[in-house]
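Asks: The listed protein sequences derive, respectively, from chains A and B. Quick note: the first sequence uses the working numbering, first residue 1, plus one each step. Quick note: the second sequence uses the working numbering, first residue 1001, plus one each step.
Honestly, the hints are just simulated from the structure, not real lab data. No residue lacks a Cβ here, since even glycine has one placed at the ideal position from N, Cα and C. Treat the hints with caution; some may be incorrect.
Unchecked claim - DEER-style ranges, computed between Cβ atoms:
hint : chain 1 : residue 1 : chain 2 : residue 2 : range
1    : B       : Ile1048   : A       : Lys144    : 24 to 30 Å
2    : B       : Ile1029   : A       : Thr63     : 20 to 26 Å
3    : B       : Ile1029   : A       : Glu140    : 43 to 49 Å
4    : A       : Ala77     : B       : Arg1025   : 47 to 53 Å
5    : B       : Glu1088   : A       : Ala77     : 35 to 41 Å
6    : A       : Lys183    : B       : Glu1088   : 39 to 45 Å
7    : A       : Cys182    : B       : Arg1025   : 37 to 43 Å
8    : B       : Ala1041   : A       : Ser156    : 45 to 51 Å
9    : A       : Phe148    : B       : Ile1060   : 42 to 48 Å
10   : A       : Leu163    : B       : Glu1026   : 24 to 30 Å
11   : B       : Ala1055   : A       : Ala49     : 23 to 29 Å
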Amino acid sequence: MRARRPELAVTPGGALLVAAALFFLDDETLISLVAAAFFHEAGHLFALAVLGVGVARVRLTLTGAEIVLAEEAVSYADEIVCALAGPAFGAAAAFLFSAFGFYTAAGVSAALTVFNLLPVWPLDGGRALLALGRLALGQERGEKVCFFASLAAAVSLAAAGLLLRWGALPIIFGLWLACRTCKNLADDVK
Amino acid sequence: MAQTYRSYRGRGGRGGAAYGGRAGRERKIRRIELRLTFCLALAAAFSIARLLFPAFFGGIRDDITQKLGMEADFKSAAYVVGEAIRGEIAPGEAFSQACSFIFEGESGGGDVTEVFAEDGGESTAA
Chain A
1 MRARRPELAV TPGGALLVAA ALFFLDDETL ISLVAAAFFH EAGHLFALAV
51 LGVGVARVRL TLTGAEIVLA EEAVSYADEI VCALAGPAFG AAAAFLFSAF
101 GFYTAAGVSA ALTVFNLLPV WPLDGGRALL ALGRLALGQE RGEKVCFFAS
151 LAAAVSLAAA GLLLRWGALP IIFGLWLACR TCKNLADDVK
Chain B
1001 MAQTYRSYRG RGGRGGAAYG GRAGRERKIR RIELRLTFCL ALAAAFSIAR
1051 LLFPAFFGGI RDDITQKLGM EADFKSAAYV VGEAIRGEIA PGEAFSQACS
1101 FIFEGESGGG DVTEVFAEDG GESTAA
């Protein structure tokens, strides 16, 4: 059976993200960011294709690209592989860009990789941690551990941004991640 | 029961998507479409302005980032990290320079061109 082509969509938040990037970033940084994001998402899509998991939709949201799977559930091991494939491709891209002298692109790719590896749920590191927790500790305990780790990491990021005066960006990201973690828990409780 | 009963017209009148009314759903979709149109128009306007008036657009951007207090120089920080990945700068030194660029702004980490020129290379990024 021929696999269905994934639907491509842009949410209002995604369009706003594009507008903000077009406004605030200069040409080199903008191209570097697009290239880094492309390699990152290509990693996820490559892993999904290799594992035979269908992709229903690729959406551009306020937080970046979001891949919606066609299958309702994949195995925990597959989830870990798919989650970590993006950062792995991002790290490889950073070395590749650096080797060709595109230092800004290399740095942006490395930063994107490190950020996505934070153990906070909506990010790749959090997704891998959740799957690992469920696999090792069972569904309920694994989710609890992931929730507290997510919340601790997100609040730490916001607090560090505030106390060490890292600027508004880490505070906004930290608070947003903490909200997402709590919302996820609230959805589970419902 | 009479107190909790909501007539069909009443549900329609409330209109919120949470109430399950068709009018509410349509309104919600229209709101999303409106937001999407606005944001896409904004993105298109910025693209056109960047292409047609790069200097003017850059001036406005610099003014706004200055007013917002966004002095962090992420580009130079990324450049230094990129150099460290290739092994041209020690990772510790690159980390400290990147932190200076991010936390102290454009003047914080010095000039990337100067750092790179000392190693005998050429660079356009500063």
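Asks: For every hint, state whether the structure bears it out.
Replies: The hints, checked one at a time:
no., hint, result
1, B:Ile1048 with A:Lys144: 24 to 30 Å, "50 Å, violated"
2, B:Ile1029 with A:Thr63: 20 to 26 Å, "22 Å, holds"
3, B:Ile1029 with A:Glu140: 43 to 49 Å, "37 Å, violated"
4, A:Ala77 with B:Arg1025: 47 to 53 Å, "39 Å, violated"
5, B:Glu1088 with A:Ala77: 35 to 41 Å, "38 Å, holds"
6, A:Lys183 with B:Glu1088: 39 to 45 Å, "43 Å, holds"
7, A:Cys182 with B:Arg1025: 37 to 43 Å, "27 Å, violated"
8, B:Ala1041 with A:Ser156: 45 to 51 Å, "38 Å, violated"
9, A:Phe148 with B:Ile1060: 42 to 48 Å, "44 Å, holds"
10, A:Leu163 with B:Glu1026: 24 to 30 Å, "47 Å, violated"
11, B:Ala1055 with A:Ala49: 23 to 29 Å, "44 Å, violated"
In terms of the numbered hints stated before, the structure departs from hints 1, 3, 4, 7, 8, 10, 11, listed from lowest to highest.
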